[in-house]
Structure formats: C-alpha cells, structure tokens
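Protein chains: 4
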Amino acid sequence: MPDLTSVVEDIAADLSTRVERGQVASYIPMLAQVPIGQFGIAVTTAEGETITAGDAAVPFSIQSISKVFTLTLALGKIGDELWARVGKEPSGNAFNSIVQLEAERGIPRNPFINAGAIVVADAMLAGAQPREALGAILRFLRFVADDETITIDEAVARSEKETGFRNTALANYMRAFGVIQHNVEHALGVYFHQCAIAMTCRQLAMAGRYLAFSGRLSPSGPRVVAAERARRIAALMLTCGHYDGSGDFAFRVGLPGKSGVGGGILAIAPGKASVSVWSPGLDRHGNSVLGSLALERLAKAMRWSVFAG
Amino acid sequence: MPDLTSVVEDIAADLSTRVERGQVASYIPMLAQVPIGQFGIAVTTAEGETITAGDAAVPFSIQSISKVFTLTLALGKIGDELWARVGKEPSGNAFNSIVQLEAERGIPRNPFINAGAIVVADAMLAGAQPREALGAILRFLRFVADDETITIDEAVARSEKETGFRNTALANYMRAFGVIQHNVEHALGVYFHQCAIAMTCRQLAMAGRYLAFSGRLSPSGPRVVAAERARRIAALMLTCGHYDGSGDFAFRVGLPGKSGVGGGILAIAPGKASVSVWSPGLDRHGNSVLGSLALERLAKAMRWSVFAG
Amino acid sequence: MPDLTSVVEDIAADLSTRVERGQVASYIPMLAQVPIGQFGIAVTTAEGETITAGDAAVPFSIQSISKVFTLTLALGKIGDELWARVGKEPSGNAFNSIVQLEAERGIPRNPFINAGAIVVADAMLAGAQPREALGAILRFLRFVADDETITIDEAVARSEKETGFRNTALANYMRAFGVIQHNVEHALGVYFHQCAIAMTCRQLAMAGRYLAFSGRLSPSGPRVVAAERARRIAALMLTCGHYDGSGDFAFRVGLPGKSGVGGGILAIAPGKASVSVWSPGLDRHGNSVLGSLALERLAKAMRWSVFAG
Amino acid sequence: MPDLTSVVEDIAADLSTRVERGQVASYIPMLAQVPIGQFGIAVTTAEGETITAGDAAVPFSIQSISKVFTLTLALGKIGDELWARVGKEPSGNAFNSIVQLEAERGIPRNPFINAGAIVVADAMLAGAQPREALGAILRFLRFVADDETITIDEAVARSEKETGFRNTALANYMRAFGVIQHNVEHALGVYFHQCAIAMTCRQLAMAGRYLAFSGRLSPSGPRVVAAERARRIAALMLTCGHYDGSGDFAFRVGLPGKSGVGGGILAIAPGKASVSVWSPGLDRHGNSVLGSLALERLAKAMRWSVFAG
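In order, the protein sequences belong to chains A, B, C and D.
So that you can map any letter, position 243 of the first sequence is 243 in my numbering, and since no number is skipped, the others follow by simple counting.
So that you can map any letter, position 5 of the second sequence is 5 in my numbering, and since no number is skipped, the others follow by simple counting.
So that you can map any letter, position 194 of the third sequence is 194 in my numbering, and since no number is skipped, the others follow by simple counting.
So that you can map any letter, position 147 of the fourth sequence is 147 in my numbering, and since no number is skipped, the others follow by simple counting.
Accuracy of the hints is not assured; some may be wrong.
Treat identical chains as interchangeable: a pair holds within one or across any two.
When the alpha-carbon atoms are kept at most 25 Å apart in a straight line, the in silico DMTMM-like pairs for lysine to aspartate or glutamate are as follows [claimed, not checked]:
1) Lys161 to Glu185
2) Lys161 to Asp248
3) Lys77 to Asp248
4) Lys272 to Glu228
5) Lys300 to Asp80
6) Lys161 to Glu132
7) Lys161 to Glu228
8) Lys77 to Asp147
9) Lys300 to Glu104
10) Lys300 to Glu81
11) Lys77 to Asp146
12) Lys272 to Glu296
13) Lys161 to Glu102
14) Lys300 to Asp14
15) Lys300 to Glu185
16) Lys77 to Asp10
17) Lys161 to Asp3
18) Lys300 to Asp283
19) Lys161 to Asp147
20) Lys161 to Asp146
21) Lys77 to Glu20
Quick caveat, the hints were computed from the structure, so don't treat them as lab data.
Bear in mind the structure is a predicted one, so any value in this text is a computation, not a measurement.
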C-alpha cells in the first residue's frame, strides 16, 4: 500500500496544473464569483489523522453536500416514515427536474435531488421553527466536525433565495400533493440556508467520519447514528449522490460520495477514511471536474473502491 | 462473526414458510409455468467452499443475470468503445422502457436495462455470427462456473422470441440511430438465447466468483478479467442491477447484485463471497421477493455490506 | 333548417333528465359546493337575438373561459410579441401539467392551458398594476357583454389562491426561464381573479359575439378587434380550447369552444351565433359533460359545424 | 370576392421566386433526391372546375396525406370500433415519437401520426391480405380522383422499408399491447406502400372533394361517405393534420389540411373547394414551407377560413 500523504500531495500537485476545469456554477450569482483555480483535499483516517493539501483551509459553499447531514438529522427526527414522502431510487434526470414529480404524484425519487432535499428540510420543521431547524443543523455539523466556527454565509443564502424560482416551483408542486406539509416559504428558507453553509475541506472530512465508520466518529469512537443508518445513507450516496452522473462516479471512483455545485465532494471509504475535495469548476451534471478526478486517483492508488475484493 | 453455514440454513428454513412471494413473471409463457414455491441459495467463499440450501440444484432461467456475463465478454471484445453506445447511469424507468431512448438519441442508459443489453448483444456480433456469439457466451459461463453442463433452454428462447415485441421495438428503434450496428434479428437472436440460459444457484454462485475477487476465480486464483474491469462491472451492478429497484436494493442489502425475471439474483460480497439466490415470485420492479429478502438477511448477518466501515 | 328556439328548448328539456353528469370540480372548495343538477344555455344570433333555456340567468364561475378574453386583451396590449412567450400548439397533456415546460424551456404550449394563461396574465401587467389589469378585464367583459353587473366572486378568488400550489409552481417555474417577467404573486393574482369572474350563460353568449362575427358585435356592428385576430383566437379555441379533450370536441361538435372547470363552455358558430352552455359536472379532462353534449346536439341540428360543406 | 384564377396564379408566380424553402426530407433516400425548386397548386371548386398553376401535373410522393384516405376506408370497414385502438387528440410530439405510446398503453393519440396510421393500416387487414388492402386503397383513390393512372412508386416503397426502423419499432411496440392485431410485417407493408403512392396536385385536389362537400364529390354529386364522417375526418385534419405544427397551421390558414413529408398538402374549404399544394422543402415539423404559405395566402384572399364569420 502506498503512503497516503505522498498520494494526496502528488494528486494536489498534479491537479494544480490542470487547464480543463469545467465551469463555475453560474445560476447563483455569489457562487459565480468564486475563482476557478482552486483545489483542496483533506483525508481523515481511521487512525484519526487528517492529511490535507492545496486549499484545504479555504471555506466554500457546501451546497448539496448539506443534504447528507439533513437527511441524517431528519431520519433521527421522524424515522423511517420519511420514506413515505421521498424515494430511494436514482432519478435519471437533472438535479432540478420537475418532470418526475408529475409522474409520481409529487414524491421525489431520492433525498439528494433538490425536490427530495426540500422534503427533508420540511421534515426538519416537525415541531420546530425554521430558525430552530437551522440551529439543529449547525449544531450537528459543528459537533461531527469538532469545529465551532462553522457558519452560514448569509450573502449566499440571500442569493439562493432571490434566484430560486425553480426550487420554489418544486416546493409548491409538492405542496399541492401534500408531500410538503409545512409552510412552503419556511421549508425553502431552511433549504436555502443549509445550502449556504460554508466549510473547509478539513471540516468536511471531519464531518463525514460517522459515515465512514458505521456511525461512529472513529472505529472505536463515540456513536453518532446507528450503524445500519450510516450504511444506508452511504448506499444512497453511492446510487444518488452525483445527480445524473452517479453511475459514472461509482464506475470510476467506486466510493459513496455527495457533490455540491459549490465544487465540493464528500466521499467515504468505509472503515478507512472520510475524504473531502473541492474545486469550483463543474461538469455538465454539476459535479466538480477536478474533485472527481482527485477521488478517482486517490481510490485507485489506495485500493479503496468498495468493489475491490 | 456467525457461522456462514448456519446463517444460510436458517435463511432457507425461514423463507420456506413465507406466504408473500410476489408474482411469477407472466409475460413469457414458459416462465409463467414455474411453480412459485421454490427457493434456493448458494454461497461460494474466498476459501473456495460452496454452501447451498433449498432448491440450489434446480436449474432456472437466468434471464437478465446473463447481462453481467455478456457485458464482461463484450468489453473484452471491443473494449471501452462500447461506452459510446451505452451509458453507465441508472435509468429511472422500467426495464423495458423506450421513453428514455427517444430523449437520448437511441443510446440506452446502462447495459442492464433491456435496450442496453441488446446493444451489448449487438457488440458480441462484431466479426461473429449469432451462433458463434452464443457459443462464446456458453463457453465463458461453463469456464467460470467450472461446469460443462450449462445450456440454453430452447423452449424458453422460442417463448421469448414469440412474445418479444417490446424488445423488437427497442432494437429497431436503436437501429434507426445506428446504435445497433448489425442485423436486428441477429442481435435479438443472441439476446433472446442468452436470457434463456438455464443455471442452478450453485452454478451461478461459482460463475460470479471473478466479480467477487477482483477478476480472479479466487483471491489467489487464475485471472479472468482485469481487476479494474471487475470492479467497474460490480459498480454497475450496484447502481443499475435491479432496474428501478436498484436504489432500494443498495439501501437494504448493500451488495452489488443483478436480478433476472426468472427469479434469480447474483450478488457479490467483494473479497468474501459470490452468492446466488432463486425464488420465482417477483415484486413490481421485476426482482425476486424472497431472493432480495434472503440477501438482505445474509448481508446483515455476515456484515458483508460494502458500506460497513 | 329547424327552428332555433325549438332546438334549444328541446335540448334543455332532454338534458334536464340526464343522470350521468360527471363530477363537479373538487380541487377548488368553492366550486365543489355548486349543485350538480343545473343546466343553462344561451344563443346569441347574427340577428342580435338571444335565445335562452334552463338556468341561463344563474351566474357561475367562468374559470378558464376567461382565458379567451385575456388573450384578446393581451394581444391588443403587446401584439404578436406575446407569441415569443407562449406557443399555439395543443399540449397533449393535462391542463395543469408542468412536464412540457421543462422540455421546452419554460414556454407553455398555448395560452389556454394554465401555464399559458398565467403568461397572458403576466403580459397584462406590462405598465399596469394588478388592480388596473383586472379593471381592464372587467371593463372589456362588461362592454362586449353589454352588462355592467359582471363582477368577480372574491370568495372564489380566495379559494383559488389558497389551493393554487400547482399554479404557483407553474408560475415560478416559468419565472426561472424569464417567461414570466413581472412579480410572480402579481401575475398569479390577476390569474386567480380572472378565473373567479362570475357570469350567466346569457352574459357569456353576448360576450362571445366578437369571436363569432369576425371581430364585430354583429355582422354589421361595431368592431372590437381586427377580423384576423378574431379568426386566430377562434382557431386556438378549436385546437386547444378543451385541454386534452380538444380533438374530441372538434370531432363531435365541430365548433371553436373554450371550457372552464366551473362547467361553462363558450362556443361560436362563425357568422351565425355565439353560444354559451353551463352544467357543473365535468368529464375526466375537466370539460362539462352536459355542456359538450348540448353543443353537439345544437351544432348537428343547426348544421353549424365549421366542417360542413 | 377576388377572382380565384388570378389569386392562384399570383401565388404561384410570387412563390416561384422564394429563396427560403426549408429542407427536403432526408431520411428516405428516394425523397432526398427530389429537386427543391418546384411548386404546384390545384383548386377544385364546388362548381367542378379545377384551376392549377406551377408544377401541378408533376407526380410526387403523397406520404402522410395517404393517411386521410386510409382512415376513410378503415372507418368504412370496421366503423367506430377503430377508435378503441387510436385516439382523436393532437399529440404534442413529433410525428414519429414513441414516448406517448408508453404512457398510454400502446394507443396512438390520433390516426395521422405514424403510429396511428399504422394502426389504421392494420385495420385495413381485417379479412384481407396486404395486396388486397393496397388494391382497395388504390381503387378508392382512382375513383375519388377520377383518374385510373394513380399508382404506387415501388422504388419509394422499398426505400421506406429499408430505412423504416423507427416505424418498425412503433409497430412492434403497439403489437406488444395488442393494438396492432395482424402480422407486424403485413401492417408495415401496407403502410410503407400507401405512403409511396404518387399523385399530382390536380389528382389530389380532385381526391379531396368528398371532404370539402360533406361526403359528396360535389355539393349535389354522388355520395362517397356519410356527411358526418366527412366532417369528422375534416375535424381531425384541423386538429392533427400537421403533426406538431397543427395549431400553427390552423392559426395561420384556418382550413383543415393534411401534410406529407413529400412536400404535399391537401386542404379543404368546406362547401367551397378542395385544394392541393406541393413544394418539397419542409420546415422543422415536416410540413411544406411554400405549401403552407400558399394556403395561408389563398385562404386569406378568398376569405375561406372556417373561422371567418
């Protein structure tokens, strides 16, 4: 097995010279301003070590990666009844598609497309005001990342809201079927704010530990969620974590992962490590070009694919 | 870790009493006649042992499970250029849907839906007649299963052909876009016959070893395909192997698997075992009800989920 | 040619005994309370006579019939540039479908499905506040119907708004593509209120005269709109006026018509008459069951089909 | 009213100089060879006169215009039970779309899209061999056109067959649902040959008389079909006769019409005339560019719109 630190440093060094980096997300004005030439990586191992390279200490907008954490919390809050309102299947459509909702009576295919994540945000409102729900999300992230400085970028949250007509359409559409059960603006408020949380690669790799270690912060550390729940969330990451590029990510990388249009990806190597990469340039499916490439190389070099026997 | 033999026997004993078994596939007359009250399981381990229970020695029609083996062969034959004609993404539609083909210029989403498997069958015709292509498929299966008795059930093949109007529609549709490149009847001939191959659970578990052991017949055995190719096929099984129930199978079972409407499922626990289950009753997505349940229990008892850390 | 008065009276008498009347619209609470056992008909002829039978003096919610009048006004206001934001083709989908919008970049297929009518309402807001736009609509209706008592049923308007999540979804979705250009709430406000206008059969038949007489209130009367515009609106009524039942209405009745989920239909026999029928029970496409039947019988008896040679 | 002969000659003279003519159909090799610079027009009036201009004596492939005549015959053969297997609604999709068939259990939306016309061809096979069905179609056309020279262009028929993979897909797909009831190759054989019938504008205008005159060859001539049936076929032409450009044709021209990808259009002015135009260049929906324009100008000049009052 090669040395992890060398592998991480080689990847960061090599990718820093890449010209082809995709396009920065343009539909949220605040994200469009992020300089494309950045790359960060952080790997937190079973031994509790965190190895970083590149721009691993620069905060970025986690966007859809937040969906993993809100799903964890919503399952803790309302349990498996969540699955009556959102499916577990890959969508076969773009992340903001509304077509599938019409065919399936307002029930989104999975919690990682926008519609599904809005349902999860709505579930967070059970017995709670939007402010309380957001507080719970932040507290959870600070706890699992062991970092009290994590916060919401309010400028990004406003930017999301002002341009979020498609998400507003999705939410109202689901409200028509009773799949959204609280005030539409409240559910969207939670959603827009969770997407605007800013984290560094280091913070994100730390936050993903409980998914890599069957619900614990390390193989023998404190339990955050039940082992089965952690495994199931990881399964959803593998089948649905990269929008309509999920199959390709599983094919190339072989690890459960969740991407965000801010250019970040959280990936986990079960039992071995939690990994976070970030580079703002996206491919046509909305996934980080360099981030995917970095994870492909890391998984190959370390033989971390879950499909390796 | 519990004893594998006990686990397998307990599962077989318990499932034999189940009343809820779904429906036997009705659209192929020969399959509709298979008695629903059967269940078989076979597990071939890294140590080379095969543990069986129930009707593990009864041959059944492997149907779509054949798609795993023809994909392996077609990639060996024409390499990665196959991916120009078939995608790697979950479909979000039923196994025989034609809708997606219209939106995506005749290119099927993945090699495990019917349309994709017909493209793979077409690729097997590169420089070969249908008879030769089928010969190659049978030879491969006999080799990896180490059993020369595996054969095609001609009555099932005829039954497929006579009722295969939707598959004929799919093939002609793709031919219109140049995605099918050989004679449509020839490609369908290969496809209908590969689906009609009859195997027992024991044979199928043996045949799946190369996927469980990174391309080898055992961790230290002879190499069948490159390690990376084996991992990639396993990735496709996890994201696309159970039609529109793939996400749910990953969520519940956590293993790469491929189901067939004959009621069989081949699943692999990378590095640990190749597993085959069979029970003819299907759920609404076309996956074996008891087969899925058996694998869920086996994976849980043995902690074989690829997502366990 | 039979006597029009007798024909109208016979139809009303016969239909009053019908048992099969469909279902009253249920998704707007105020409409769901309308007693199903009502039927009205009014025919205004080229000679300026208005013949009525049944409940022709009972006001009902005109709902989507309003779309004909707002289209007329919006074309007067912004002219043919409206057609850059809404198409002229039948939809092939339900009246409140959102699927087509995704495939066609937010541009609704025609001005008579909900999405298209919301675009028309948005066009009415060019240089005008919602209140002014609604004022213009009411003034126009009172003028063409020659009746100052026509008004908006505010209770219905509130009911529309409270349950209008799908329409809110449509409007936001189109706003994301820039097809809706003003404040979404304002456009919806105009739309919800125009649908809540209450009219009698007599008033509606009078209001439709300009469509029957090539833009004039009678063959030699004052001009309301250009002849070509009146013909074109009539063409849209024929191809798109009954949602996904438009083809069947043209097939059976052979007249341009526009239905509303309040149970009303406005139909025109070019050069001969403007006709309004009303009965609250709807078929599965949202068109009045008895209304369609009455028009079929009237057109047949009077040989008014536009396809008769 | 202007003089018809002058109007026709002016249109032909003006259009002969047009540069923008669209594209000749490319997917059938024999059609792709037709020189684009041709234009013909023929008008047969209620008085029995036929006025022609341009290339009105040049035979062209009538293609989908044949669907009007086979519908007439199939309704004569099996009556209204045809409507259990094909709808009457505009499709909202391209002429060769297969998407709608999946959503609606193999029943095409109307008899003028390809799938619907193949069902009509299948209905012609009730109690008849393909050769007999084609004989009946030719006999009918020769009778209503009063011209025994009308024939099938076998080279075009072969060309259709060799490239007809999408139509073969449609037919097999419908066969899977039992909507096609005879041998798929037979139904396609009839369909490919009916499309390959060659006619001149003069012959086609003559053939359309029974639709213009409520089922008779002239207002007082011999009856071909019942008046109601003629009106209903005309209604379908108006709502569905120009594929996904039907609404626009009704909007601009205001006459029932049926186009073919050979560049011909048959249109009728009920009670007044049967009109045929031909020019091989097509718009993106598959309708003749100059043909549509000629009909728009003719209908406007003669005030023939069915919506004029």
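Looking at the structure, which of the earlier hints fail to hold?
When the structure is compared with the hints, numbers 2, 7, 9, 15, 16, 17, 19, 20 and 21 turn out to be violated.
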